[in-house]
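Position chains B, C and D against the provided structure of chain A, taking the given hints into account.
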Amino acid sequence: MLGTGIIKGMVETARNFVGSYHDPERLTTVQYPEERLAPKENGRSFPFLVFDGNDQQAGLRCVACQICEKECPPQCIYINKSKDKKPDYVGKLQFYPATFDIDISVCMSCQICVEVCPFEAIKMDQVFELSTSDRFGKLLLHKPQLAKPNEYFHQLHPTDANEVDARLGEEKRKAEAKAAAAAAAAAAKLAAPKPAPDEPTKAT
Amino acid sequence: MNVAFILIAGLTLGSAIAAMSLRNLVHCALCTVITFAGLAAMYLQLNAQFVGFAQILVYVGAVAILILFAVLLTRNSENQPNTLLASPSWIIGILVAISVSGTIIYAVVKSTRLAQTLPPAPEATVQKIGEQLMTNYVLPLEIVALLLTAAMIGAVIIAMRDKNEKEDSGSKMITGNARERVSQPSTIHHPSSSQKTTR
Amino acid sequence: MQSLDQIFVTGKQWLLAFLPEALQPVGSILLVIAAIFGVFATLFAVTTILERKILGRIQNRFGPNRVGPFGFFQPAADGIKMLTKEDIVPRDADKIIHFLAPLALIIPVALALSVLPYGRNMVPVEFDAGLLFFFAVGASTELSVFMAGWSSRNKYSLVGAMRGIAQMISYEVPLVLSTVTVIMIVGSLSLVKIVEAQSGFLFGFLPSWHVFTPWGFAGFFLFMIAATAESNRSPFDLPEAESEIIAGYLTEYSGFKYALFFMGEYWGMFAISGLSVTLFLGGWNAPFPFLQFIPSYIWFFTKLVLIIFTFIWLRGTVPRLRLDQLMSFAWKFLLPLALTNIVVAAIWFFSRALQFPGALGLRWIFCAAILAVSYVWLGRGVAQAQRAKRVYQYAE
Amino acid sequence: MAIETTFQPKATLGRTAPGNYTLLPKTPAGAIGGIDGTVLEVAMGPHHPSTHGVFRMDVSLDGETVVKLKPVFGYLHRNHEKIAENTTYLGSVPYTDRLDYLCSMTNNWAYALSVERLAGLQVPERAEYIRVITAELTRLVNHCSLIGFLMQDMGAMGTPLMYAFREREKILDLFESLSGSRMMCNYMRFGGCRCELPSGWIEQAKKVVTSFPEFLDHFEALLSENEILLARTQGVGVLSKELAINASITGPMLRASGVNYDIRKVDKYGIYDRFSFRVPLGEHGDVFDRYMMRVLEMRESLKLLEQALAQIPSGPIIDPKAKLRGFRQKPGEAYARIEGPKGELGFYLISDGSPNPYRYRVRPPSLINLTILEDMCLGQTIADAVIILGSVDIVLGEVDR
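Chains as they are written, first to last, in numbering that gives the first Met the number 0: chain A, 0 to 203; chain B, 0 to 198; chain C, 0 to 395; chain D, 0 to 400.
By construction, these hints were calculated from the structure, which means they are not laboratory data.
Backbone N, C-alpha and C define an ideal beta-carbon position, used for all residues, glycine too.
Pulled from the structure, derived: some chain C residues nowhere near chain B, Cβ distances all over 10 angstroms:
1) W13
2) L14
3) L30
4) V45
5) G70
6) N120
7) E195
8) F216
9) E241
10) A258
11) Y296
12) F300
13) T301
14) G357
Stretch by stretch, here's where chain D covers chain C in the computed footprint (C-beta under 8 angstroms, at least three residues):
15) 56-68
16) 224-236
17) 319-326
Chain A with its partners taken away, still in its complex shape (with noise of 0.2 angstroms):
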């Protein structure tokens, strides 16, 4: 009969009206400044750099490879290579970012910087409410701004952050032991009355 879909529809209809005010299984919406959604773990925004410790200069883990400048699709990152070095988290001397921008109106959160980054220096971060009324030079972020501690990291992606720190305390623990084995070779070398060896113990 003619009208009977229609008023099946409108039984369908009247069944969300009501939902919508009992049922927040249909009234899904999240009213945004006040309520918030929990973010995701996984979630990403733009990239952060990571450093360890209390310095972010001394302890940033970046050592300006340029791995993540060259993989960037959409060629957003800018890195000067220092002249100098500083000792990394294992005390290895490596090149550090003199500058190092990442313009986030260019950036499309791809994640492909963190995928390539060798040395977990380059994370996502999940900050969101980035809008500016200045384009060109708000957007374009520099190393202090992008420079985060590991516990912000660890707070973003907790599962990401134990394990990287799992494996980056294995390789530390590893390089400590070579480097203990390494001195107590010398030291034992040393203290051997035999003659010493023309070249200087090589620092690891």
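Then chains B, C and D, alone, in the frame of chain A:
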């Protein structure tokens, strides 16, 4: 003569003159609408509610739209050449108009009816009109109704024929276009084992 | 209770007593005009926010809830926005007609609102032929649609205007024919008399509204469908079909002129809903005897709001018709059904003479059967779309 | 020498407005045409509300009947293929997200598949299952939002669209917790997937999948029997079997015309041969059949998802041989295609040994399905043209690339 009458009469006359003299046909048609509305107001002033409302319903609501449609459906209706105001046909027209109206005015003035006193205005409620139409004037009403029905059926038939022709030509064009694109139906995968569900 | 019911009538007389004798008629007219504009402008504002909220809830959203408590000051914000927006008139537009079109909508609609009986003794202008007046002024709104569409000099506007006029003229026929039944039964064109004919209660508790008779129910059904089309509401919103012709004849309107059009359309909806309340839903009569203490105007506006809610609900549910389907629906379904309904009303009227016990039930069943059969039969004709149910095959 | 920058208006063109540009001559009153028997030419788009983005249809109307229709696209052209030829193999993956931005997972898969074919990589079992699950979820997202958009084109005030989006949100939540982004997932890599499923993801996905049929039932109660919808869609925009094949239409649109062609069945790419699912076929090839194809395909996808979610094994998610950084291929070419929600989505790659593909070409189902628009619209009204366009299911990001 009260103020309202003068206003309404002025509006009616003015819009009627505008309807005749404006260049844009749609403007003319819209002025005619104002004339119709003015006439309706005049009827209402004479306490002829039914006639007044019928005037609006029929003339403003229907006839005016008909005129507008007719104006629009006529091709190049609005690109009239600017004719001179005082062309020979104008002069002849004015002469004819003067002679006709003069004759009518003469006849009216000379007629004996004017000398009689006006009868009291009839009490014409809608109910009375209805009763009259259904009793005394039922035959004319039926004849008019029949005539209008015949006209409507005729219009429907004319419109239907036109539509069919159009549809024919349209569908031909589509199949023609489709055929151009179709070369050879290649072999296609047929449903090997088919199941059916009713939707 | 009586005083509360008549508070506006007595209030008006009290106010008029301050004026000198000679100015009292003019004062009365001005008061009535102010009342109509005030009440319906408020109702318009309330309806816009309610419509958006109800549609929002139907669609599982909140709707506007930022301005004021629950977003109820949204209409004020919208009004300020509309007033301060730039009024753009296209260069090629016919400027005079473009300007006059919204007025040509507002004035007839306001006139139509002035003949509705809003409560006991509360008719702004009482005409003997009030119903005829309503349709007469209602018919002239088509002109405004034409003027807006033609003067904008825009292709979408023109198509929208053509659609609008075709639709409004077509649906005027079933609209008027469905009210003929009421005129036949009541025997008057006066809206007050029609409302009074629906007062009283059947068996002491059933309201004797027209909608509770077979012809009245069918008439109400037809009237509401035609009214939806007349007021360009979904699913008959073809003249403004956004997904097809942008905004139809309103495409080139902005700012206050657009607001006027918008208001005119809502007022038209109020007017036609008010008429349906008057004709079929008992006007200002209370539904049950024990509820008669509630003032009459409250009943009128309650019913009006309920009808508007139905309009909104329908709008939230159905897609839009196509123009040819719209026309065939009017001429092949509504018109024959309305004519059948007139016959049924005549049968109902003349079978009043039957006085044996159970006569009412017999009349009821007979009239309802005629209408139901013709509904199903005509419906089958118009819903050719319900051809064979489609069966879909699956390939493994 | 100073360059003359002011534009000199031509006096013949018409009035000169203040400022240095020329106005076109005023439209003579009544010159719009269209009602007095002449053909009305309307440019629907590029900013028309229902062209699904920036797309233009140059329509000639006789009254309201379409007598000529010319689709004009390219407004969203952004050099996708050329960019990909200058980007590393890895760097193109996020760009494929932006092709058909409603179905980034399937785009990723098609691209990953073609690179895998080029490099001869093996995808681990678990990754294949994840791919099937995400692809079928994408199909649900695409089809239910498409139906919503179609109803919007039909004038349904967005109610079906909102219901569709309500359910889509649940799937997008899944995508977000998996890949970090709701729409631009960038999840698949050649040789597997980017990251392991988060804990509890499978359970959450199972919950979404089990609650989806109920939503579909209600959705269909709202739509499938609605008389207005039936009247609007049945017999409108008919596409014949032969024309569909000759115009190389693919996807639900082809199957609505009654052709049994589903690449999941034909190619059996991935692990689709392990699941039992059916391919719905239409008969009339009109808008209603296209609508029903999508509804029925969603139901089949749900069956597929149930099987995949129940069977998913544990194991690695990426081929250990796959190298992301500095990926380079020996010269060669490869074409891989999948059954995307919109049709056959294929990527063709030629490698010359450099880190970038020498040639990169997308076979976009949206574009190829759109080419047949005029043949479906001729003789229909302008209101039909809008819903026929809606039923084709285009995303302008993919059409223009």
